[in-house]
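Place chains B and C with the ligands on chain A using the hints.
Protein chains in written order, with our numbering: chain A, 1 to 299; chain B, 1 to 951; chain C, 1 to 255.
These are calculated hints, taken from the structure and not from any lab test. Honestly, I wouldn't trust all of these hints.
Said to hold, decoys possible - Partial pick of chain B residues on the chain A-facing surface, computed with a CB cut under 7 Å: (1) Q671; (2) Q799; (3) I800; (4) R803.
To be verified - DSS-like cross-link-like pairs, simulated, lysine-lysine; straight-line CA separation at most 27 Å: (5) B/K442 <-> B/K431; (6) C/K250 <-> B/K315; (7) A/K233 <-> B/K686; (8) B/K473 <-> B/K442; (9) B/K887 <-> B/K846; (10) B/K686 <-> B/K197; (11) B/K200 <-> B/K442; (12) B/K173 <-> B/K200; (13) B/K374 <-> C/K250; (14) B/K442 <-> B/K544; (15) C/K250 <-> B/K326; (16) B/K914 <-> B/K887.
Stated by the list, open to error - Computed spacing ranges between beta-carbons, pair by pair: (17) C/A161 <-> A/L55: 36 to 42 Å; (18) B/T371 <-> C/D253: 25 to 31 Å; (19) B/D713 <-> C/G240: 44 to 50 Å; (20) A/R187 <-> B/E335: 57 to 63 Å; (21) A/R208 <-> B/R47: 38 to 44 Å; (22) C/G240 <-> B/D264: 15 to 21 Å; (23) A/A252 <-> B/E941: 20 to 26 Å; (24) B/T865 <-> A/V270: 32 to 38 Å.
All values reported here derive from a predicted model rather than from experimental measurement. Glycine included, every Cβ here is placed at the ideal spot set by N, Cα and C.
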Amino acid sequence: MHPAYSMIIFTVLSGLGYGLAVVLGLGGLEPSLPSTVLAHILALVLIAAGLIASLFHLGNPQRAWRALSQWRSSWLSREGVMALGTFVPLTLNAGLLLFTGQSEPILGYIGAAGAMLTVFCTSMIYTSLKGIDAWHSALTPACFLLLSLTGGVLLAACFAPGTRLLAGAGLLLLLGAMASKLAWRRRMLRNQPLSTPESATGLGGIGRVRLFERPHTLDNYLTREMGYRVARKHSAKLWAIALVCAFLLPAALLLLSLALGGLPLRSVLVFAVLSHSVGVLVERWLFFAEARHAVMNYY
Amino acid sequence: MTSEPDLTLTEPVGDAIAKTTCYMCACRCGIDVHLKDGKIRYIEGNRDHPINKGVLCAKGSAGIMQHYSPARLQAPLLRTGPRGSGEFKTISWEEALSLAVEWLAPIRETAPQKLAFFTGRDQSQALTSFWAQNFGTPNYAAHGGFCSVNMAAAGIYTIGGAFWEFGAPDWDKTKLFVLFGVAEDHDSNPIKIGISKLKKRGARFVSVNPIRTGYSAVADNWIGIRPGTDGLLILSIIHQLFLTGRIDLDYLQRYTNAPWLVIDNPGGEDHGLFLRDDLGKALIRDRGTGALVRFDAFGHSPDLNADFVLADGRKVRSVLRLMAEKYLDPRYAPEAVAEQTGIDAATIRGLAAEITRVAFEEEIILQQPWTDMKGEYHEVMIGRPVSFHAMRGISAHSNGFQTARALHVLQTIIGSIDCPGGYRYKPPYPKPATAHPRPHGKPAHVQPGNPLAGPHLGYPLGPEDLLVDDQGKPQRIDKAFSWEAPLSAHGMMHMVIANACAGDPYPVDVLFLYMANMAWNSSMNTRGTIRMLEERDETTGEYKIPRIIYCDAYSSEMVAYADLVLPDTTYLERHDCISLLDRPISEPDAVCDAVRWPVLQPERDVRGFQSVLIDLGARLGLPGFVDPQGQPLYRDYADYIVNHQRKPGIGPLSGWRGEDGLDEGRGQPNQSQLDRYIGNGAFWQKHIPAEALYFKHHNAAYQQFAIDMGFFDTPQPVTIQLYLETLQKFRLSGEGVREPVAPEPYRQRLVDYFDPLPDWYMPLEEQQTDNSVFPFHALTQRPMAMYHSWGSQNAWLRQIHTRNPLYVPGPICNELGLSDGDWAWVISSHGRIKCEIARMDAVNSKTLWTWNAIGKRKGAWALETNAPEANKGFLLNHLIHELLPPKSDGMRWSNSDPITGQAAWYDLRVRIEKAEPGLELAEPSFAPVGRPAGQARAASELRYGQEWSKQ
Amino acid sequence: MTSLPQDRGTTSLGLVIDLDVCVGCHACVVSCKEWNTGGYGSALSDQHPYGDDVSGTFLNRIHSYEVVPEGGEVIGEAGQARIVHFPKSCLHCEDAPCVTVCPTGASYKRASDGIVLVDETKCIGCGLCAWSCAYGAREMDLAAGVMKKCTLCVDRIYNEALQEEDRVPSCVRTCPANARHFGDLGDPRSEVSIMVAERGGYDLMPEQGTRPTNKYLPPRPRISLADQQPAMPLAENTEGARGFFAWLDKTLDRI
Ligand SMILES: Nc1nc2c(c(=O)[nH]1)N[C@H]1C(S)=C(S)[C@@H](COP(=O)(O)OP(=O)(O)OC[C@H]3O[C@@H](n4cnc5c(=O)[nH]c(N)nc54)[C@H](O)[C@@H]3O)O[C@H]1N2
Ligand SMILES: Nc1nc2c(c(=O)[nH]1)N[C@H]1C(S)=C(S)[C@@H](COP(=O)(O)OP(=O)(O)OC[C@H]3O[C@@H](n4cnc5c(=O)[nH]c(N)nc54)[C@H](O)[C@@H]3O)O[C@H]1N2
Ligand code: SF4
Ligand code: SF4
Ligand code: SF4
Ligand code: SF4
Ligand code: SF4
Ligand SMILES: [Mo]
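This is chain A alone, in the form it adopts within the complex (with noise of 0.2 Å):
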């Protein structure tokens, strides 16, 4: 598939917003700090830096409103109905804490139960596409969903440095999203195809099936958006720097962070939080970008 930026940057972005607003909903932060405030409102940034990045994917973003009215079908139209939804609770309780310094345990319950959600809807866009097999599994929720807490935690640790509990969380968490990932990708290597170019013609009974000659000699819109290729030996390499940055530096930098105090240790936890999202951007492209589509068995 093709790894648009605007995607890429949209879930990367709002899952660590919607994993950083989990940790806040669960008080994972003393609402008394300041800094609590500056994390709600990061969250908050990050959401809608990552909504409106969204936007330029569309072709006619003015009529995006209309997204959200078949929610009870679509996994898209349920993001955008949760995305806004889980909005309310999380800028109410953002406005609550940096007005009265207080923020309200129902709402951040009901906030972080929206942001996990709203991750779950947008993994399950892909997850329900069947035609893309890497995609069409549980672990690709799992993964989401893994990847967004663990990013919010490492970023509610920066507001909190020294918290043993979102350190260890964060452990936990960098190990479980880790685990995932190399499932779900062990899965996408060696997964059969649930499609082939024999099954996509039905001329598999007369013999084995190539493209001879494409419908139109050069790219269409399906080849550029679904025939995206990358060379085996360039996601190894990208595979290695997302492993490394995602989830191994992370976790050293946090086993380090348990060991330091003071200023270095927010610096250490701020390059975990950095080389985390690096790393996500890349599986992120990854993730789009070795996606098979079963459409590209006619070409």
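For chains B and C with the ligands alone, kept in the frame of chain A given last:
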């Protein structure tokens, strides 16, 4: 849940429908052009039209983009820069026409042969030849010589018809259809309609073709023959038929020259000629009485087995005996031809068996009485439902004439010419070679200031009809009808530029071309041709071909080489006439002709070429174009179509003749004729009466119908010429035993190739190249969605073929380590090209191929200079020379069939080498030609029809 | 509307495509383009129409495949491989994922006849429906930013301004080989259903669970010519010219 939106489902397509004739190719389908707000909304096939019956091909539907093409020329152009630069200035029509007259008038008065007028893919040869004849130059032809003259000439000489526009399979009744070497053909839609009919009926379809795409892809059996060897395959089938006695003797004795008597007198000037009576009528022997009688006399049973000595001591034998002796030779046995053809003997036997099984065991009997030309009444029509069709896969080889003849012989001996289920003539065919004119252009035919003594093109019946002088020197600039290519019935356009540049046989002053992209895809040795167009005389500095006038509608590659460009309209902006005097569109059941008419008005300063030619004719005062007072006879082409009469009562169009429009075929001009055509969907058709539908070559009712329609004035039955005496006459000239004796250099060729019974010889290029150095064949095929070079200016069509790969058989790829997307050098004895390759397995293992005419010159066709067509697309033409490699004596023959001069495009031999990695650009590459004056840069986005979108 | 219609009747309009006769001429491709550009919804645009990377929106495309059989027919040299031309447009799936994924309701399946359409006034051009279609039947128009797809020529088949016989899709009407057939595949007695039953019409990628309406008819089985051989009647063997002349004499006497 929202409800479904309300859709406006009933809405007229446009505000008017104009019915006219497509000209996205030469198939000439009927189209309904839906117009909306003065623009084209939609083009669909005319359901009532005899050719396409409502369907339309990809090109036809893309007419919108052709009509609005950014490559359209805008106004007359006068060259300002050097040839090839594309630098022009726009001039007025008055200036353009005066200049043309200034160039042409003196030539006509002094040496009319100094004008060479050649036309390409037009369909107005009835007019252009008439014009050229009245101008007086012998140098006129259309492009048939490099296209398919082998097919046409072999057909006319043998059966008085041919495939393509002259005949078609009986699609509704045939049970076995064998197709040789066709990718698309001119009968583009009818063939597809036909194939689908066969499939529906469960009839078998066999395709003989080195490449298995298109029609071959859907064939029940594909025979992946090695190029140039079809003759062997066909003769092997004939061998099998003789061997098993599965031949239609009744048909042969009635309708063919099988019983004619051939004189056996080796060394004599009559050797191999027919025994004839005093009036020149061929004689046969009556099997009952043993008497010699005229072949067409009533009430005899011709002895097909005659072999006896005449009273005067000469030996004679029937043609059939000669055939049996020849074709039963074991050299034609399936095993003997298997290696050359690449087809295993079992398949050849199987094909022969299937042909005879269907012909003789699945005979069709139509309860339709008819009377033959000898007056014999037949209760029924007997059909042998095996049909064949062939085109350039056979004809574009230097042995194509003989191969095409072999195919007609095969059809004939199973009795399937114009029978139910077989091959059927399309009116005005059949018409025997003898009923066609002889060529004109002998020294005595050319008189300054006067018309040529007769039509340029025709069918020589012997060496006496050649257009050569006493020394045997060619009289035409293309050397057609000379000893080099005696039966070049369509001229040899591919030799014109080379000969004119070399001044051989003489230089010309003006080269006048119409609708032929000679500077690119329609010439062999394209780079050389370009050089010849640019070549200057060293002393005078003048171009070797001093003046070139060219008429095109678009900025093709050729435009850049013209001195004066006459811009044509598009096919939707002018009158055209698809006449029975020219290339017919009849179907086997009906005689048809058609028109085009201006359904849109040009908004540029362009004029329909035919009107321009008529104007030029009048300005030059040519007979036929001015009245005795010197006043123009015709206002324009529309006026000419209606009022011109070739003979009293015979004009360009056959429908609605006579003052009241009630006459058909013959009749006085009718001033509302064009309106009647337009009202009828731009065509006219007259159905052939039921009793005249088959055996037209010998059917009295059909012959009468043909006379009524004005095809000829007396009956012209065809006796199928299995044995072609004309060839034997040339052979005798070659042997030096009959006058005129051929000049020395040509003798051996005449002896070798002019076999009066079809035979096979190795294509000339293959004979003359080292096949271990050039082990492969290289071919082109017509892409169904593109028409030659025209398609690439079309925004929709060019997406289908934006560049062309060279398809390379799997085994060769494996051997050379080539895979899709690699680049390779392809090398012939003449040159080399670099191109992208793609693997293919469904192809003869010795055959490389590509789509024809996708490669473009940079700057042409209003394409951006970085267009893939100009950078990755390529032409095979760079590898094909118009001359064969020199022989030991230094003589270079033209790369043509030695009999007809047909360009031997498909004889090409090559080798292939993987290219070193580097620039992925096709070679050779040329400097861009300039955008002609007045042409704006093309748009970067198209949203055709957005204004009508129903949102 | 993005849910599939609950009240679907039995009518399922669609196409039947005969791979045994499709010659790959692209007539249906261009006819579809010209009908639909300027017809239903926005025009089908072309980017860089005369430039280096020309591409445009098409609702119907022809692919060509080379099929190499394992142990299949062998006819002529290298005769094993064959080319199959393969037209493809929207299959108007019964369980159309492109409909259910659509967030705006722009994409819908008509209850009355099963045609899957995009209401372009609602479409935001998110592209998700194209992702959800395993068949590649949807193309985003880059100029309009809305999703385009085969409409089954809904503006022809019910268009009373057209002659009755012309109320078929543009691609069907134009196909010179008659490889495309239009009809109600929900009605087992319709011509198209009978054709499907007789010729073994099949679904593309049934494993995707989309239950396409359009059906494909497979290439018919072939009988090799070499197998024909024993049918050659050798009763009157004329071995050699002499034998032929003797046979000829005998036969002519009988005529
Ligand atoms: N769409 C479209 N239609 C066209 C044209 C076009 O450009 N585009 N051009 C028109 C013109 S001018 C012409 S002349 C006709 C030509 O119509 P075709 O004769 O159909 O044209 P070609 O593409 O030259 O096809 C030649 C076929 O012969 C095969 N072939 C080559 N050598 C041999 C051989 O030795 N033996 C056998 N058995 N087969 C062989 C090739 O593989 C190819 O399939 O088409 C006309 N129709
Ligand atoms: N390698 C290879 N080369 C071949 C062949 C092959 O098989 N292989 N085939 C050969 C054959 S059979 C043929 S017929 C030739 C065809 O070769 P050409 O006849 O040269 O082919 P076209 O590209 O059709 O070029 C005709 C010209 O007509 C112009 N034209 C189009 N419409 C109009 C119009 O309405 N009015 C006017 N005045 N001009 C118009 C076009 O712009 C173009 O410049 O190619 C030959 N060349
Ligand atoms: S075959 Fe196609 S391009 Fe040729 S005349 Fe017919 S519709 Fe037009
Ligand atoms: S083919 Fe694709 S676009 Fe058409 S209905 Fe099925 S899923 Fe939807
Ligand atoms: S692109 Fe349009 S039709 Fe497709 S899912 Fe998005 S909104 Fe729906
Ligand atoms: S039914 Fe209409 S929209 Fe669909 S492919 Fe055919 S022509 Fe195009
Ligand atoms: S028009 Fe018919 S034959 Fe041509 S590509 Fe389309 S389906 Fe095939
Ligand atoms: Mo041609």
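Status of the hints after comparison with the structure:
Hint on B/Q671 is violated. Least Cβ distance to chain A is approximately 49 Å, over the 7 Å limit. Interface hint at B/Q799: satisfied, since its Cβ lies 4 Å from the closest Cβ of chain A, which is below the 7 Å cut-off. Given the 7 Å rule on beta carbons, the hint for B/I800 holds: about 6 Å separates it from the nearest Cβ of chain A. Restraint check, B/R803 versus chain A: the minimum CB separation of about 6 Å is within 7 Å; hint holds.
Taking the CA atoms of B/K442 and B/K431, the gap is near 25 Å; set against the 27 Å cutoff, the hint holds. Of the supplied pair hints, the one linking C/K250 and B/K315 holds, its CA atoms being roughly 23 Å apart against a limit of 27 Å. Between the alpha carbons of A/K233 and B/K686 the distance comes to roughly 70 Å, so the proposed pair goes past 27 Å and is violated. Taking the CA atoms of B/K473 and B/K442, the gap is about 10 Å. The hint holds against a cut of 27 Å.
Taken as a hint, the B/K887 and B/K846 pair is honoured in the structure, with Cα atoms around 25 Å apart against an allowance of 27 Å. Our distance criterion of 27 Å between C-alpha atoms is met by B/K686 and B/K197, whose separation comes to about 23 Å. In summary, the hint linking B/K200 to B/K442 is not supported, as the alpha carbons are separated by about 53 Å, beyond the 27 Å threshold. A hinted pair counts as satisfied when its Cα atoms are at most 27 Å apart, and B/K173 with B/K200 qualifies at roughly 12 Å.
In summary, the hint linking B/K374 to C/K250 is supported, as the alpha carbons are separated by about 26 Å, within the 27 Å threshold. A C-alpha spacing of about 25 Å is found between B/K442 and B/K544, which places the hinted pair at or below 27 Å, so the restraint holds. Note on C/K250 and B/K326: the hinted pairing holds, with a Cα-Cα distance of about 21 Å set against a maximum of 27 Å. Taking the CA atoms of B/K914 and B/K887, the gap is about 30 Å. The hint is violated against a cut of 27 Å.
At about 40 Å, the CB distance of C/A161 to A/L55 agrees with the hint of 36 to 42 Å. For the pair B/T371 and C/D253, the supplied restraint of 25 to 31 Å holds, since their beta-carbon distance comes to about 27 Å. For B/D713 and C/G240, the hinted distance range of 44 to 50 Å is satisfied, since their beta carbons lie about 48 Å from each other. With their beta carbons about 58 Å apart, A/R187 and B/E335 fall inside the hinted range of 57 to 63 Å.
The hinted window of 38 to 44 Å between A/R208 and B/R47 holds, with their beta carbons roughly 42 Å apart. Hint check: C/G240 to B/D264, Cβ distance near 20 Å, so the stated range 15 to 21 Å holds. Our hint of 20 to 26 Å for A/A252 and B/E941 is violated, since their Cβ atoms are close to 52 Å apart. Range check, B/T865 to A/V270: about 52 Å between beta-carbon atoms, so the 32 to 38 Å window is missed.
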